[in-house]
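Q: Here are the chains, one letter per residue:
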Amino acid sequence: MSRFRVAVQVVPRRGLLDPQGKAVADALHTLGFAAVASVHVGRYLVLELDAPDSDGARAMTREMCERLLANPVTEDFHIAEVSAE
Amino acid sequence: MKFGIVTFPGSNCDYDAYRAVVDALGEEAVYLWHKDHDLQGSDVVILPGGFSYGDYLRAGAIAALSPVMREVIQHARRGGPVLGICNGFQIACEARLLPGALLRNESLKFVCAPITLRVENADTRFTSGYERGQLITLPVAHGDGRYSADEETLDRLEGDGHVVFRYAPDRLQAEESYNPNGSMRDIAGIVNREGNVLGMMPHPERAVDPVLGRPDGLALFESLLQHVAA
Chain A
-6 MSRFRVAVQV VPRRGLLDPQ GKAVADALHT LGFAAVASVH VGRYLVLELD
44 APDSDGARAM TREMCERLLA NPVTEDFHIA EVSAE
Chain B
246 MKFGIVTFPG SNCDYDAYRA VVDALGEEAV YLWHKDHDLQ GSDVVILPGG
296 FSYGDYLRAG AIAALSPVMR EVIQHARRGG PVLGICNGFQ IACEARLLPG
346 ALLRNESLKF VCAPITLRVE NADTRFTSGY ERGQLITLPV AHGDGRYSAD
396 EETLDRLEGD GHVVFRYAPD RLQAEESYNP NGSMRDIAGI VNREGNVLGM
446 MPHPERAVDP VLGRPDGLAL FESLLQHVAA
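Line order of the protein sequences matches chains A and B. Each step along the first sequence adds one to the number in this note's numbering, with nothing skipped, and position 7 is 0. To convert, count from 1 in the second sequence and add 245; that's this note's numbering.
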């Protein structure tokens, strides 16, 4: 078993109304960042966990996302990083 | 008839539900602690409103995994009635007792106001005391009430008559602002396929005493009483 650091991004599913993202985009436009086309606000989770290898850490994280960390109805997740500590 | 009202850390409408059952309906109610694996012989389970677990992660997500929910889900699978109000609706969706999810209000504001609902289905065990198409007034108080599901699920809910309450315009609510949260297809409350689990954002338990306005929520509890006692 080794200790891994896993980072997960959870974002609202594309196409679903994201009023929070829209409010942030509007505020950026107010600051003069006219180039911003859209913003989506999600969550970034960092886990430390024990697994036999990085594939095992990734598989375990995927299951955690499907069962709790992301809502399968409205959110997508992406395992952004798996690194040995 | 015995109502079991689950208290999660952060529930704040459990007492309102208790008073609605005991004072307005004249039936027995018990509080069920979220850590207990015991429904104490309840005929009906109420998942009350509030902010269970501070709405951490997503509203209702952590409460859906509370110990008592194992028994609540078993109760629902046996056909036992479950009423999820507000945060209880969010919990029921997260526990997959109901399809869909409740997202942040489109306005990003917490909405606390009496609103008008249309009863879309008066043929459920929760709504037989209403007339189909009847307009009723109930309070809402939520920040995450925007019901969302994929188109296929929405079509199925509508086709099967599982949309029970919808936000509706009336004399007091303009055509463009009657939906308080931007929910898809103006959905305010749904039942599951078997008809024994109802989730709704408005609060019927806060509208059972004429002292506090129109007691339009009482018929929901009376409907349940009639069906479960029968």
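No lab work stands behind these hints: they were computed from the structure. Among the hints, a few may not be true.
Unchecked claim - From the derived model, a few chain A residues whose C-beta atoms are all more than 12 Å from chain B: (1) Gln2; (2) Leu61; (3) Pro65; (4) His71.
Stated by the list, open to error - Partial chain A-side listing against chain B, Cβ under 7 Å, derived: (5) Pro12; (6) Gly14; (7) Val17; (8) Thr23; (9) Ser47.
If you're wondering where the values come from, they're calculated on a predicted model, not measured in any experiment. All residues carry an ideal CB built from backbone N, CA and C; glycine is no exception.
Q: All the hints need checking, so say for each whether the structure fits it.
A: Against the structure, the hints come out as follows:
Separation of Gln2 of chain A from chain B is adequate, the least Cβ-Cβ distance of about 14 Å exceeding the 12 Å criterion. Its closest Cβ contact with chain B, about 7 Å, brings Leu61 of chain A to no more than 12 Å, contrary to its assignment away from the interface. Residue placement check: Pro65 of chain A does not keep its beta carbon more than 12 Å from all beta carbons of chain B (closest about 9 Å). With a closest Cβ-Cβ approach of about 17 Å to chain B, His71 of chain A is found to remain outside the 12 Å limit, as its non-interface label requires.
Using the Cβ-Cβ criterion of 7 Å, the hint placing Pro12 of chain A at the interface with chain B is satisfied: the shortest such distance is roughly 5 Å. Violation of the interface hint for Gly14 of chain A is found here, the shortest Cβ-Cβ separation to chain B being roughly 10 Å, above the 7 Å cut-off. Annotation: Val17 of chain A was flagged as interfacial toward chain B, and the flag is violated, the nearest CB pair being 11 Å apart, outside 7 Å. Look at Thr23 of chain A: its Cβ only gets to about 16 Å from chain B, farther than 7 Å, so that hint breaks.
Against a cut-off of 7 Å between C-beta atoms, the interface hint on Ser47 of chain A is violated, since the closest Cβ of chain B lies about 25 Å away.
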